[in-house]
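*Asks:* Listed below are the residues making up each chain.
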Amino acid sequence: MDQQFPDITGTFSAVTGGIRYLMPEIALVAAFLLGVIIDLFFSRRFRHAVLICAAAGLGAAAWLTLAAGDDLPADPLFYGMIFSSVFSNVFKLVFYGVALLFLVLCFFNRQLQQHAKGTGDLYNILLVVVLGMSFMSMSINLLMVYLSVEMVSVGSYLMVGYISGNSRQAEASIKYALFGGACSAIMLYGISLIYAFTGTLDLGEIMVRGLENVPSLSSATAITLVLAGIGFKLSFVPVHFWSPDVYEGAPTPVTAFLSTGPKIAGFALLLIFLMTFFVAAEGHRFFDFKNTISVIAIMTMVVGNFSAVWQDNIKRMLAYSSIGHTGFILMGFVSLDHGGFRAMFFYVIVYALMNMAAFMLADYVEQRANAVTATGYAGLGKRFPLAFTIFVVVLISLTGIPPTGGFIGKLLIFSSVWGQYRATHALLPLAMLITGAVTTVISLFYYLKIPLNAWLRSGDTAVTITTKNGLLVYTAFAIMLILLAVGIFPQLITAYLPG
Amino acid sequence: MNLLSVLVFSPLVAGLIVLVLPASLQSRYKYVALAATILQVLLSVLVWVRFNPSLGGVNNEHTLQFAEKLSWIQLNVGGDSRLQIDYFLAIDGLSMPFLLLTSLVMFVAVLSSWEITTNLKGYFALFMLLDTAVMGVFTAMDFFLFYLFYELMLLPIYFLIGMWGGVKREYAAIKFFLYTLFGSVFMLLIMVGLYFSVQDPLTGDHTFNMVHMMNPANYVDGSLFAKFSGQLLLGIPARSLAFIVLFVAFAIKVPIVPLHTWLPDAHVEAPTPVSIVLAGILLKVGGYGVIRICYSIFPEAALGYAWWIGLIGVVSIIYGALNALAQRDLKRLVAYSSVSHMGFVLLGIASVTAEGISGAMMQMISHGFLSVMLFFLVGVIYTRVHDREIANFRGLSQLMPQYTFFIMVAFFASLGLPGFSAFIAEAFSLTGAFKSAGVNGLIPRWMALGGSVGILLSAAYLLWTLQRMFFGQLRLSGGEPWRLLLTDVTIREKIALVPLAAMALLLGILPGVVFTQINTSVLDLVKLVNP
Amino acid sequence: MLACGAAVIPLLGAIATYTFSKRNRGSGIAIAGSVLTFVLSALVFYTTWDHTAIHRQISWFTIGDLTFTAGVLLNNLSVLMLFLISGISLLVHIYSAAYMKLDPRLPVYWTCLGLFCFSMMALVVADSLLLIYLFWELVGFSSYLLIGFWNTRQAAVLANKKAFIINRIGDIGFLAGIMVLFSQYHTLDLVTLFSDHGLVASSPRIGGVWVGATGQLSQAWLTIAGAVFFFGAMAKSAQFPLHTWLPDAMEGPTPVSSLIHAATMVAAGVFLLVRVFPLFDQTVLLLIASIGTFTAFMAATIALAQHDIKKILAWSTISQLGYMIAAIGMGSPESAMFHLATHAFFKCLLFLSAGAVIHELQHHYAKSGDTTDPQDIRNMGGLRKKMPVTFIVMTIAALALAGFPGTSGFLSKDAVLVSAFGWGAAEQNVFSVIPYLLFVTSLLTAFYVARLIFKVFFGPAGQEELHEAPAPMRWPMIVLALCCLFPLFSVNPVSFESAWIMAGFYLNAVEAGAYHTYVPVLVSLGGTAAVFFAWFCYGRNRSGNIFTDKGMLYRFALNGWYFDKLYLAVFVKPVVLLSRILFGFDKKVVDGLVNAVGSLGLSLSAVSRWTDRYLVDAAVNGLGSISKTIGNFTRNFQNGRVQYYLLATVAGVLLFFMFTYFL
Amino acid sequence: MIPLEHYLLISAALFCIGLYAVFTRRNAIQVLIGIEFMINAAVINFVAFSKYDKAKLGGQVFALFAIVLAAAGVAVALAIILNVYKYYKTIDPGKIDELRD
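Protein sequences, first through last, are from chains A, B, C and D. Residue numbers are given in my numbering: position 143 of the first sequence equals residue 143, and the series is strictly consecutive. Residue numbers are given in my numbering: position 416 of the second sequence equals residue 1416, and the series is strictly consecutive. Residue numbers are given in my numbering: position 69 of the third sequence equals residue 2069, and the series is strictly consecutive. Residue numbers are given in my numbering: position 94 of the fourth sequence equals residue 3094, and the series is strictly consecutive.
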């Protein structure tokens, strides 16, 4: 009997000991539960109750993460399930920030607010997805990885399909659900194979040893399948087909959230994977991660940027551009030891800001002049001068032209890859550099489509629906200022970055 | 407060003021802009006066004047090195004349912006941003800062041409943007490469500082661009590939013949003030870039390719002049004449002799004043009758005598009549080119004579235009309404034109005013490039 | 100091006339200015002729380690020219005050004339080649302004453009010469270069190598430098290949023609050659002599057939200049200068008197509304009764031009011919024909000038109400007539050596060979014979003139040997055509080439039409179309069906897996 | 007793059948069934190999979680399919292709 339960108190104390480090997550759970209750009782009389509760929850979580600061657990918690480190803290802060901005977007989105079922549930689902994402950035056990990925995916299927106001939104949600389900199933199968070969679920030394003495063909298959699962979240090349359709179909606030939140969580997961496989295995005898990711990065940049050139729908174009940026960030992953770490973090933060701002403005214009396509933007520059000036600066930052944060991000990534090239003189880093430069020029084509139509062309004076979402533009303005400030004084961010 | 920073950023402040002012004060914007440019003119005169001509300072930091060096970005990029970029503004003989030229040209451009009517706020804000960017380019001594200002120049011009331009403005604007961006993206790669190859002697970190890039001692041996590392990049020795890429990037701005096709489109479609700035300053950025970056950082490559650069110069002179001869649109004619005049600059620089480079510098300054005056005069007609076809006007001298006087001054000055600055510039560029065969054997003698044919051709097309448009019996294709419209130059226009003509005359009679200022720097440059 | 005063005054005069000209139309100030200039230059002439040369200079600007100086050099040559120019310009000022009285744009006229006198005076006294070049082009510019003074007349506007461009061609030569000298000696200062023991004279030319201050160039460059300087002088002095602009320059007002295109400006070419004389070596001298002679002969033949009074004089100027250039070519610059001085006086007088005739005829025709051309000598005749003073004065000038004994022309022409024959004897091959050619030309000169006089003044009296030229025109003509006679130049009317100008240029002992005597005699006999022959043809019977108008030779001469048409066809048209082709090339190919790099051969128009639909296309040169093709390829995977996506994904993963694993 | 390879073979076969179903079936619900097949294949693997992980029985725990998460996923997917049917009147994924390039 005791053999099965050797030390209940020990295990129990190990479990409860870890709780102390999970305060932010607990805050989120509390907010979720509170939100559900409030939605039942108070949402008739006071519509924004749940929103405030969610915002409060996120605020508390962020504050707790910051308050924890550097009191971090030395070793993994809950028997090697979770390892909260300074990296995951940075990621968590980004998630909370993105979620708060999502709330701002939802507050001002007319379509959401007038929704029959009210937006209470949406905020609760948001909290769950944020919880899932923070676990994704901390989990070092394959079970935990799968659990958190599923939590985020299922949550985001619901968010995409939440309104289903028209056929396109429904279609987007079904596509997202089916594609996501299949990919997570593939990942699950990959994990099962890894479990089969190594007998352990902990991402660590044992797993790497196990994979090494298994014939390289089978270990490569297992890892490729898992990578496909992670790829779904990151939407890099072979697994990117879903993102343009879903981004275009989903309501704009949800698209904004999807393109930043889960994607960055995917990066966190990939980082954890690479850390284990790089650190543990000196050489990568059985699976060459560096080359794989380089090729993926090049392919992603090419596909993302070149197909964006054709797009007319703004959200679809921004979808492809986010694929392009994914490729760029992957470039940072390849040269982690040459400053790629800090470059990748910096770029991720600036990417989140840029994308959020871009979608905010796209949403604002969509509501005020219900223009969705670039040609539809013709002549709007004169009617919304402030909005479009901010839009231009954000797009410049997305392209990576100086005085903006985007340029510094690209510069850092370029110099880290150049460092990698200088060290190894391999062909791939050089190919990545040149692709990066060329795709930057290509990205100018489609990013400039918006200001060209808005300012240079004169459109018919369509009716403008007057709604009270001026604050949206001012938040976008704030983000723009941050982008410019970071562009000129990058120390603002890099000082706080780890690694 | 250091003079240069004020000079560079005062227009930016004015631009912000314009942005902040409510739309109701629309007519006040141009006065704010005017005040900013006048302040700039005063400051650059102050700089001119306090400039000490005996300090060369091309490649040693101590003799650079008005230097201002603050550490700006300290990123430890992990791994071995810290990204060290410092805010380093300074001027020497090579960049100092351009400050006065830029502020004067900006003053004239703002004066000619009275004709702009649609959304003034955007216009003047962009204009001030452009002014800051251009001033920054001329004063930046840190490659990163230089690249930042260089890129910053593109956007305002794209929007200024795109939104206030002529019929095919979109095509011209994006064409300009793409040409320059194409050049500058690869410049970014070279810059990063240089950054990794150069070490700051004091702190040991990598640096973007141009002065350190100039002396080979600072290169990490074995690094990509080290002098004797013989590293190959795509099969070509790295340093010469870097020189070619940088030269192409700046040549697009000069412009040289194969890459000049954006100039006529951009000038024809741009509104007058923008084409004034385009011709007056932006072409000089190309020339300045070649001297400051290509020639100082890669001197041996410069010597290697001198023959080719000289050839390109001569071809530009003759090709530009012949094209100008065939033009029917006055503005396009002036644009092609700019291509031809800038050919002299290239020829002068390629000769790497004191006379050649001083001639090239003088040509850039004199062309700055003269092309601005020409574009302003074309603008005067265009604002009155919205037509620039040479064939549509005959005998304007009776209708607009004062205007004809200014046109004749501008035409004769730009065809190199002695007494005006263009003659001194072209004569010494050619003499320098001719002398280089004997002194350092870089340029064959026939190139100098080929260049002098350009002087003849410029006389041909300018006088032909003068004769067709201004002399003979009065016959306007627009008939009577045009006769009423074509009033003579107004006071405001004269305020803009007189200083330009005066400067051209002053530099023609007393070239020493410029030459003494730039002489030591030119000698240092020649010693640096051709020890 | 007086000299630079003299040079600067006309400029001050020019500016003053323009500013205060409103009140009395500027004439008073202009004439006062030129009187002052004349007095100053006379003083300077008096002080420095045959004394040591004065050379003052100040540093102008420094380039590299060379400082360029600007200053004044007064030696016999420059002082003589100074005196000559200021004298003639004074007379022309007075004359044109009357001639141009009713012209509305008189102040502008005075300004340009003032500018011209300033640049001419400064050219003469300048001490460095760069300064000479500077004023050289300024002189060209002011002649451009003055030729095109009546700029409403199309012919005038074409003429001044032509004149300026041809002068520019010459200036390229001059500039090239400066470049060669500068790269050889690193200085442009006249004294250091061309004085007797100066750099050029002393630099050895041994074994085909021309040793200069720094490096050395091959001998060929020395000849090229000389030839190139001569090329510059050719344009200014309207010598053979570049002479076509002078006859057209007659479009300007007559006083302008007289001052500029007879006396001063065209002499600038000769002045430059004399200044740079030490530079020329044998081959260049030969070239100069032959071109000078050929021009003289050609111009004389053309002058025979001209009808317009001013055209005749223009061609005769070209011919006389040919004489001077030939004289320099034959190694005797002093006789060239002598001829230049005398020619200045009598040619200026010829022009002024022609001007008086034209002036009167214009009035007459204007009154009677008759539209015949006042300048065509065919419908003139018998003016000697109406305009006796003009007749007498013009005849004196004509005699001087023809080289009749007793006039200054005779002395200077003899000087040239004697030295020609002296030089001719030494030459063996074909060049020995030169002196005889010059001799024939002098006969032709006598003939056409006589033809002119008889056609204009003799024969039946055409018009009645003509009256003599007004006083301010008459007096300058009379003064000039006095200068044409021999006393001004030498006490003994026959021997030219005793002329003070020749003495001034330390005449190297001309051996009193046989030519010394029989050449003057032959010339004067020939001259008188030609005059009688002209009297025979034109004087007595108006109708029976021997030469038919239809002859091929006649038309050939009338059109100036068709050089104008030749240049138009050979140079001007092809250059304009080439530029049009190049512009077409630039528009289609170079722009297209840059796009073709990306758009795989699509022509620019196709690309731009294609681009306008999408922004990308508005952006495209070449790059756009590559990205469009790749974009197209990646795009058609997105066909909306989710299962297709999954299939593509798994296929992609497999493909990728095989690529990383097996490659 | 059944050797380990058989388990691997069966789960691989099951996985491929599921994959095939996902690609070809004309009915969204059958696609979901296909996804269930793939997840069950993984569960087989987990349970088969947890024999060697006596200490933590990781495989068994993972199997439980997989089944629960599969159920959650299917529930959400079915709700969404209902929604799609409301608009498209069909649930053939091939025909739901309004969002395309």
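Derived from the structure by calculation, the hints contain no laboratory data. Heads up, a few of these hints could be off.
Stated by the list, open to error - Label pairs and their calculated CB-CB ranges: (1) C/K2587 <-> B/W1114: 42 to 52 angstroms; (2) A/Q491 <-> B/V1013: 18 to 28 angstroms; (3) C/K2587 <-> D/T3024: 40 to 50 angstroms.
Unchecked claim - Among the chain A residues that face chain C by a calculated CB cut under 10 angstroms, a handful are: (4) D7; (5) I37; (6) V309.
All residues carry an ideal CB built from backbone N, CA and C; glycine is no exception.
*Asks:* Provide an ascending list of the numbers of those earlier hints which the structure does not satisfy.
*Replies:* 1, 3, 4 and 5
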